[in-house]
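Number of protein chains: 2
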Amino acid sequence: MADKEQKKRTTVSIYGQQYTVVGTEPPQHVKEVAQYVDQKMREIKKRNPYLDTTRLAVLTAVNVVDEYMKMLKEQNKVEDTNGRDRMTGDD
Amino acid sequence: MADKEQKKRTTVSIYGQQYTVVGTEPPQHVKEVAQYVDQKMREIKKRNPYLDTTRLAVLTAVNVVDEYMKMLKEQNKVEDTNGRDRMTGDD
Chain U
2 MADKEQKKRT
12 TVSIYGQQYT
22 VVGTEPPQHV
32 KEVAQYVDQK
42 MREIKKRNPY
52 LDTTRLAVLT
62 AVNVVDEYMK
72 MLKEQNKVED
82 TNGRDRMTGD
92 D
Chain B
2 MADKEQKKRT
12 TVSIYGQQYT
22 VVGTEPPQHV
32 KEVAQYVDQK
42 MREIKKRNPY
52 LDTTRLAVLT
62 AVNVVDEYMK
72 MLKEQNKVED
82 TNGRDRMTGD
92 D
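For the protein sequence lines, the chains are U and B, in the order given.
Counted the way my numbering counts, the first sequence spans residues 2 to 92.
Counted the way my numbering counts, the second sequence spans residues 2 to 92.
Quick caveat, the hints were computed from the structure, so don't treat them as lab data.
Even glycine gets a Cβ: it sits at the ideal position worked out from N, Cα and C.
Hints are not guaranteed to be accurate.
[To be verified] Below 20 Å or equal to it, Euclidean Cα-Cα: the simulated DMTMM-like pairs (lysine to aspartate or glutamate) are:
no., chain 1, residue 1, chain 2, residue 2
1, B, Lys71, U, Asp53
2, B, Lys78, U, Glu33
3, U, Lys71, B, Asp53
4, B, Lys46, U, Glu68
5, U, Lys71, B, Asp39
[What the hints assert, rightly or not] Simulated coverage check for chain U against chain B, where a stretch passes if three residues somewhere in it have a Cβ under 8 Å from a Cβ of chain B:
no., region
6, 18-30
7, 34-40
8, 50-56
9, 64-70
[What the hints assert, rightly or not] A few chain U positions that, by computed beta-carbon distances, are all more than 10 Å from chain B:
no., residue
10, Glu6
11, Lys8
12, Thr12
13, Lys46
14, Gln76
15, Lys78
16, Asp81
Use the sequences and the hints to build the structure in full.
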């Protein structure tokens with residue numbers, strides 16, 4: 002009962018460091034997320050070989066938030082257009 | 002001409018460090034992204050006061066990717082449903 006809400010501990014490796022993530026997410030999701038961050042860090046390091054790990058991690062977060070915000074803005078545009086379409090019917 | 006494609010340099014401050022982002026994005030967008038990352042880092046630091054900055058930055062990236070992936074999965078679900086609706090018409 003309420004089994005899905007039970008907190009799980011998932012240990013993942015990101016850029017050679019171990020992290021234990023505690024939460025209700027399925028371990029498979031946590032592993033996918035970790036793999037994505039690890040891959041992004043390695044990509045950015047390749048383009049900027051002199052970055053130290055802290056700056057590399059911050060820039061990885063910046064890149065991901067950039068993608069995320071662009072998607073949110075894109076979605077809002079779509080919703081705006083839907084809203085406008087609906088509104089023309091009310092005129 | 003091709004003015005929008007011209008690369009811009011935007012300097013932002015994230016968690017007390019300066020970063021110069023070079024790209025075609027409007028400076029306003031870069032600043033929004035930086036502010037989001039800065040805020041997330043401070044939130045996570047509050048909940049985990051003993052994290053060093055590198056681990057804090059990595060966990061910030063993990064949190065953002067988590068939100069991003071959930072949104073992508075949510076969107077795919079919506080697209081699947083749309084697809085199914087369309088397909089029932091072909092039967």
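Violated hints - listed by number, lowest first: 1, 3, 4 and 14
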